[in-house]
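Trainee: Sequence:
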Amino acid sequence: MTKTFRLTSLALALSALSSTAVNAQETKQYILKQSDLAIFAPHTSRFERAAINEDFASEPVAEVLSNDDNGTVVTMELTAQQVAQLKASGQYAYIEEDYEYVPFTSTTSAEVSPYGLAEVQAPLLQDTNADLFKVCVIDSGYDLGHPDLPQNATGFTDLPGGLAWYQDGSGHGTHVAGTIVALKNGQGVVGVLPNDKIGVHNVRVFDNDGKQGLTSRIARAVDNCVENGAKVINMSLGGGSPSQYFQERLQAAYDKGVLLIAAAGNGGDATLSYPASYDTVVSVANIDENRVKNSSSQYNAQVEIAAPGTNILSTVPRGTGVAAGVTANGVFVKGGGMTNSVEGKVSAELVDCGQGLSACAATQSVCLIERGGASFKDKAANCQAGGGVAAIVYNNAPGSFGGTLGDGVHGVTIPVISLSQEDGTALLSSVGSTVEVQLEAILDYDEKSGTSMASPHVAGVAALVWSQHPSCSNVDIRNALNATAIDLGAAGRDHEYGHGLVQAKAASDYIATNGCGGAQDNQLPVASFTASCTDLACRFDASASRDPDGQIVAYDWNIDGFATTGTTVAHAFANAGSYQVSLTVTDDAGATHTVTQSVSVTDGNNTGCSGLETWSASKVYRSGNEVAYNGHKYHSNWWHRGKNPAQNSNVGNAWNYWTDLGACN
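So the sequence shown is residues -24 to -1, 1 to 641, counted in mature numbering (1 follows the signal peptide of the UniProt record, and there is no 0).
Possibly wrong hints are sitting among the right ones.
[To be verified] Here are the simulated DSS-like cross-link-like pairs (lysine-lysine), alpha carbons at most 27 Å apart as the crow flies: (1) 609 - 595; (2) 232 - 173; (3) 160 - 353; (4) 424 - 353; (5) 9 - 232.
I should point out that these hints are in silico values taken from the structure, not numbers from a laboratory.
Could you build all of it, start to finish, from the sequences and the hints given here?
Mentor: This is the structure in structure tokens:
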């Protein structure tokens, strides 16, 4: 149940503005945690309440997210000015924007075991003991009633508008759930735990358009999973903004013995995505059937393990799976539907339109077009302009691909599909004959790609292995998965694959041999530091460094050749310039890790000296140059370098390196 409260402390005075001022400013939703719990106490004196009511006609209403021994956390709609005032009050442990996260993504009548299951060794273990465990999926919903999914699933959502957890507007959550628990029933696909043993709980946090996935909503979802007995939580979602509140809820779940799994992100770069990049969460990378990292899978120091996530066949809401392909000479070739293409099923003569860079003579025909040279939308529009009734775009490089026509207002009214280079080239032999193009959402299954599809493989494997060894802790299972993963990429743990491809049976055998504690192989520490400089003086802070399985016992610095030790150190450079600073951390097992950064410092300041450059000890100055230094303006009298203006100047003559022209402003 959603609870609300009204602030009854003097802190309200700091946040309240006149109604006119508030209405004139944009508000955003924020998460606030009070540093003084007494502020929320109901026993505020009548005198204090009367004073507040006298000053303010109304009080902002906030939603209580959590209220426990760690403090009370709420959400509020605030303006930027109100946020600044509340921060300045010192009464809040933190105030952070309630950012929105997003899902991380991209046919047959006989039952199929998707390739990913064999890759992670799922068929080599039985899930007969899985009824002791429950897995929770935080996502876009669950198609309860799907013939290939467990019907005893439970769920929750607090989304507005009457949206239910047992419905799935986008299909993302149903696809994720199918990878974990799709039934072995002779139809469709099978999941990692296919025998309808494990408990399934779903928390819906996205609307039908994949929106409204606020940090606060997903953090509450984690609490709901824990409250409903989940031991493994899968989060195929994320964003680039960390949240202290979300981190606290994840830490609370982890401390209660829950194993947290999340998608590393589909940005294709080295940025951190959350929640995957919190230390309490296993960050999962996406690899294809050749065990190669998908180019879209993010890579960074937080990536912990890898799993199949490319072209994964799984369940989707009934009747929404896309059937896409072309039939020529009685043979059906599977293709992909262009995003935002209209659906359709047409039979017509096939015409070769080359790259489709101009209108193609294709009256009442199907256009065969090679990729390259123009957008997919323009190629399809050129087919349509020539009278074409459907377009097939085949790859100009080996393999298949996915494409889009852009937004929904593109003007193309014919179905457009994609084919691999191999299938498209072979189709050239059918030019002049009749082919059938199909693009219809009619199936209960579909292929999707992304770290969203990799994460549930790991969540399923974790639950499967844990069901074999129920006395182990979440940390024990996590360590076993990492210790037995197939090493991919660079030797050892790396930023692209983490420890490598997750393996179910190998992890179970590892625990059977070594016990829950495992072989206790030491994990390397991670060095990290920040630099804060004022003029030539700098402070270096290494408190962000960490050791996954122990503690850091030594911090050794090399600051431009100067050696020192400590978690935080200070250093004053002699001159302005750029310097190399290295930090080496050592853990309690003797393992080390080093990180190096370039730090730039300046000498003096430009206080009041608008438009002038600040003097630098490393720069050569010639006659006539003018600089600012400590609030004064100086004129150079001849060639020199490294001469401090305050120590090498005269006033009103040219017999020293500098002439002091007086204070700026």
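Trainee: A separate judgement is required for each hint: does it hold in the structure or not?
Mentor: Now the hints, each set against the structure:
1. 609 - 595: holds, 17 Å
2. 232 - 173: holds, 23 Å
3. 160 - 353: Not OK: residue 160 and residue 353 at ~41 Å, beyond 27 Å, violated.
4. 424 - 353: holds, 22 Å
5. 9 - 232: With a Cα-Cα distance of about 22 Å, the restraint between residue 9 and residue 232 holds, given a limit of 27 Å.
Taken one by one, the earlier hints fail for this structure only at number 3.
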